[in-house]
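Please put together the full structure from these sequences, using the hints given.
Each chain is listed here by its residues.
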Amino acid sequence: MAALLHSTGMALHPDRLLPAEPGVRAIARELYGAVRELPVISPHGHVDPRLLLDDQPFGDPATLLVTPDHYVTRLLHASGVGLDSLGVAQGPLPEGESRAVWRRMCAHWDVFRGTPVRYWLEHELVEIFGVTRRPSAASADALYDELTARLAEPAFRPRALYDRFRIAVLATTDDPCDDLAAHAGLAADPSWSGRVIPTFRPDRYLEPAGPDWPDLMARLAQVSGIDTADYSGFVAAIEARRRHFIAHGATSADHSHEDVRTDPLEPAAADRIFRAALAGTATRNEATALRRHMLLEMARMSCEDGLVMTLHPGVRRGHHGPTAARFGPDVGADIPIRIEFTDALRPLLERYGTHPGFHLVLFTLDETVFSRELAPLAGFYPSLYVGAPWWFLDAPEAIRRYRRAITETVGFSRTSGFIDDTRAFCSIPARHDMSRRLDAGWVAELVAQHLLDADEAGEVMADLVSGRPTEVFKL
Amino acid sequence: MAALLHSTGMALHPDRLLPAEPGVRAIARELYGAVRELPVISPHGHVDPRLLLDDQPFGDPATLLVTPDHYVTRLLHASGVGLDSLGVAQGPLPEGESRAVWRRMCAHWDVFRGTPVRYWLEHELVEIFGVTRRPSAASADALYDELTARLAEPAFRPRALYDRFRIAVLATTDDPCDDLAAHAGLAADPSWSGRVIPTFRPDRYLEPAGPDWPDLMARLAQVSGIDTADYSGFVAAIEARRRHFIAHGATSADHSHEDVRTDPLEPAAADRIFRAALAGTATRNEATALRRHMLLEMARMSCEDGLVMTLHPGVRRGHHGPTAARFGPDVGADIPIRIEFTDALRPLLERYGTHPGFHLVLFTLDETVFSRELAPLAGFYPSLYVGAPWWFLDAPEAIRRYRRAITETVGFSRTSGFIDDTRAFCSIPARHDMSRRLDAGWVAELVAQHLLDADEAGEVMADLVSGRPTEVFKL
Amino acid sequence: MAALLHSTGMALHPDRLLPAEPGVRAIARELYGAVRELPVISPHGHVDPRLLLDDQPFGDPATLLVTPDHYVTRLLHASGVGLDSLGVAQGPLPEGESRAVWRRMCAHWDVFRGTPVRYWLEHELVEIFGVTRRPSAASADALYDELTARLAEPAFRPRALYDRFRIAVLATTDDPCDDLAAHAGLAADPSWSGRVIPTFRPDRYLEPAGPDWPDLMARLAQVSGIDTADYSGFVAAIEARRRHFIAHGATSADHSHEDVRTDPLEPAAADRIFRAALAGTATRNEATALRRHMLLEMARMSCEDGLVMTLHPGVRRGHHGPTAARFGPDVGADIPIRIEFTDALRPLLERYGTHPGFHLVLFTLDETVFSRELAPLAGFYPSLYVGAPWWFLDAPEAIRRYRRAITETVGFSRTSGFIDDTRAFCSIPARHDMSRRLDAGWVAELVAQHLLDADEAGEVMADLVSGRPTEVFKL
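Listed in order, the protein sequences are those of chains A, B and C. So the first sequence is residues 157 to 631, counted in the numbering used here. So the second sequence is residues 157 to 631, counted in the numbering used here. So the third sequence is residues 157 to 631, counted in the numbering used here.
FYI, nobody ran anything at the bench for these hints, they're computed from the structure. Source: prediction; values computed, not measured. Please note that a few of the clues may not be correct.
What the hints assert, rightly or not - Covered, in the sense of this in silico footprint (three residues per stretch, anywhere, with C-beta under 8 Å from a C-beta of chain B), are these stretches of chain C:
| id | stretch |
| --- | --- |
| 1 | 168 to 181 |
| 2 | 200 to 208 |
| 3 | 261 to 275 |
| 4 | 473 to 481 |
| 5 | 519 to 528 |
| 6 | 540 to 553 |
| 7 | 606 to 617 |
Unchecked claim - If the Cβ cut is set under 7 Å, some of the chain B residues that face chain C in the computed set are:
| id | residue |
| --- | --- |
| 8 | Val-180 |
| 9 | Glu-506 |
| 10 | Thr-524 |
| 11 | Pro-532 |
| 12 | Leu-533 |
| 13 | Gly-535 |
| 14 | Phe-536 |
| 15 | Arg-560 |
| 16 | Gly-567 |
| 17 | Phe-568 |
| 18 | Ala-604 |
| 19 | Asp-609 |
Virtual Cβ for every residue (Gly too), placed ideally from N, Cα, C.
Written out as structure tokens, the structure reads:
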């Protein structure tokens, strides 16, 4: 280790994140090298498709890298930097304010130490933008200017970066009533050769307890042309929107609720609660019962129309009411809760768990279920895949824990492959590269322990990077 | 690492599973070497005692290594190979079908990568049967023929393998109404010098909600000669059967229920519920209450008759109803659930936790309780031992997590020693060898960190392999 | 590894607890060396302040190192050594009995293998007392004599050890009605230059279900001079006692209850339950409701008077009733239970989570909440810090798991720094040294993976040892 002098430089070590033990590192380096340049498959994320349709230059460094990224804003908020002073929920920022936001992030660069946010930002700054100075209060302005200059260049427009990032498929996340015009526009654009596909995300439409739910039903009726005054119309309208998504290239439907119970209701009971919810007279328990029943229905629809079903449950969204009221959702105040899958999903799995072609991918923020529930479930049901570590768990140690927790019960073939789940477009290569390095490290450990032969290790790596997401998400 | 060429060979590396760091590996190799050849003590498993009594040649490779082993069938099922095409629940297989089952397993050899199933099968094939080719679609038939030839040789009969495996004690798992004739037969056989002991496993008799429970009570009465029309008769009959087991060498009683609550009932309440259950009028809650009370009673009996009490709770058996209905239990569709010990066992431990000679061994599939509950409990109660990782957790990383999670709170002396819990006879040496390698690795890490002296490390290893199971299971 | 000969010596290796891989160990050694001699900051512990006020020689080895330390007595109890034969709850021991207790501990030295108790005791014996022989039945008497001789020397009196241990601040834990005379005495002593501060610990006063609660209320009224016949008087009396503590140097208030729910009561409801509890007519649910409301009130008071609020929940105290009845609390029979923070603390955090200057430190014995709840919470709320691993988790592997579980979500800045939480005065340097070694190992791993630059690693180490506790506990 070099002397502990204060450093101002920033660089990426070629062996970063690989195991420290030299013998294992050598194996990992070889495994990583073989997949390093493979195309990026991103079957679940939150990039706005208009970004690629319009292909306008990114605005400024703060709006690109700080303000909209709740991974970044939450840690700054915890360190005493108010969300208002980070430009959150304030629309486009004037140059002076954008620069101030950027300065605040740079001045707090140390709070990211040890986190993947630091890793991703460093990767983006160095690898994409060629930055060589570490962010700090002292370097903030110069970096701001440097990045601003880069962003004005044609090579840093979204489509150019899409190509440079070697993205093969990019899935967005979309409201069921979205007309998907941006996706249609991209598909119709002869100058565009990428693949951007929508994802059906009906959460709010399945939560009758939500304050705007009757309005959503009205909107759904309008968009689908199907009367949603009763339960059967509601179901038909949802099915119609799924067809609309499939026609625009969607291969999956994503669901995030507090729990994943799937207790069925009789149609008459479902209809009664549906009408009560529309009239604003459903109890909280009734609304929950209808939501759980609808999750079961979504599996039924997936069996019929082929959309892969993905579940991302177990988060208390907007945990701090005053923040949610002032700044809206997705600003860093979402906190995980305990989750249970074994009993909750049993009705769904009894009915559809062995249905040919049905794919169900389970994600969790509660790591306790990896070895206890998800791996045993995916180790039996042919429809079921263990989703990659997500959100707070998309981080080196968490990813290592995930592999250690599940591989012994399900091997590699029943896992989803990596998803980046990001709204930060420029972090996509960093995130996929991190995943490849970590998987290489894990597989190298198996080789070093003589649990896997070298040829098998290479096959596993290629399968994790390309085979799994392509098969699991039906790409 | 060798080039990533496809390999067709298969061999066992002498250092497999030992830590990768060369210094730690050297320590581990020495520690492992000192216990490698020690006899196998297997105080809990599911081998059929008739196997050793009859000493008939094993049938065919599929029936030996695939069909009856739910560790194997569940992963194949998850990969789309139906249980019907694996010969599950179909009785003896004709040669053509057996060969087809074997081919299916070999063709899916890659789905076992990274799992202990792969490790065990590899060990069995290479070490016991001398196989040198990796299973695959291409090698399946030749391997089938090779194994079939081996199985016909006298050296591969059960008793010969029992000796070759260096088994000192083998405990089976038996129904309370079993006459234990196979055990008696072995004991009376002058040509047999091994030790096969029964284990009292009364689960179904303690679950009044089970559909066949009244029939079980009738059977219990018949076998014990004690009228089971009321609660006291039921208890007396159970006690009588325990005495029968003890007379045939049993040293432990095993219990597996959904939870481990031990809330006592007043005798009158227990009798009332017992009669209601016999009449088919007990509610689900009443049946559960009686089961929990009976678990407490089993501890009382263990204090009196000396049988070690082992608990294996927290599994949702037959999670997929259609599979259970068609193929029966133990085919790979059992899924763990969350479990709680601290409060659940309190009534039992308040009464019997400090009873001299009482041994209670707690197993879990919910790893969260290792550091939170099991280690603190076993670090206070002199009756209590933390059971080795079991079932899904009988795997290298899980075993490492177990040692890391509990050793700091209970050391080594309050642990059970390894149990293989297997019905796959030929996997016994592989499983015990795996455990010894992993313990050697863990103890070597303590030595490498200067937390344990070399002489102590050697004592710990011998104690884990021989001392713990012998003392804990009263062998 | 040296040959496995039985050893009788005992020494401390300079690299103990550092990572085994030579490259990482070299980095860790350098990082550890830079903080090794920094003063000890102990913001939470259980040392009796009279120890330092009186500065009397410690009695005998058993009373110093065995009898009062539940970490030691619980493991001996689990190994069949009754608490009575360890002198627990028997007051001062005559010399013969003290020697017998010491002999019992030495004879069971092997049961501590792999535990931090072994590590701490070894450190204390070697580093403080110069012992070179390993405790055993054979060495017990000689060690007893050797230690007794040391303890009679002036250099082994409490104040001399306080200086030798380089303690900068030592917080005690005190009853709200304590007059804090010992603290005042130390502060007024011109020959004393250390810093010993009280901690406000009102648990029993906030549990209206406790059998002695009405007596506590009477005592509170007497000591505070405020009538506690109604709820507002109770609150005012608590506030007055907090002021008394602050006047004597306290910077924090500590709370340990079964859960951390903070559901508010209307003042009228709080008053009604308070009066019912005083009259002995409150139900268990009402008492719990008042306790939960009072925990919210304690946060309100902390916002107003600045005392740091620390929570140590989730333990079933006195799990074994007969032991509790005979030997009292804190003898090793406390067992953790599952805990939940996300929903439980939401009312508190909605009100006070962003209050300027409010510090809330969350400790847990349920490791599952580290990555799922505590890190995400502390990664958003500027008031909140993740407490260091505590009690059963104050151990090498648990500390490593803690850093791995939380760093990726909260970095280093939102953590509490180490607390020793000990009543064993002589274990303080061992515990802090252990923490420094482990943090050095963890930070070295980040450097070895190129996730942190060398200068940053040095800053992190200094911050963890000095910066964090000083800032978080407002020292």
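Going down the list of hints, with the structure as the test:
1. 168 to 181: holds (count 9)
2. 200 to 208: violated (count 0)
3. 261 to 275: holds (count 9)
4. 473 to 481: holds (count 5)
5. 519 to 528: Satisfied; 4 residues make the cut.
6. 540 to 553: holds (count 5)
7. 606 to 617: violated (count 0)
8. Val-180: Holds. Min distance 5 Å.
9. Glu-506: holds, 5 Å
10. Thr-524: With a minimum Cβ separation of about 5 Å from chain C (threshold 7 Å), the hint on Thr-524/B holds.
11. Pro-532: holds, 5 Å
12. Leu-533: Status holds, d = 6 Å.
13. Gly-535: Holds, because the Cβ-Cβ distance from Gly-535/B to chain C comes to roughly 5 Å (cut-off 7 Å).
14. Phe-536: holds, 5 Å
15. Arg-560: Result: holds, 4 Å to nearest chain C Cβ.
16. Gly-567: Nearest chain C Cβ about 5 Å off; hint holds.
17. Phe-568: holds, 6 Å
18. Ala-604: holds, 4 Å
19. Asp-609: holds, 5 Å
Against the hints set out earlier in the document, violations occur for numbers 2 and 7.
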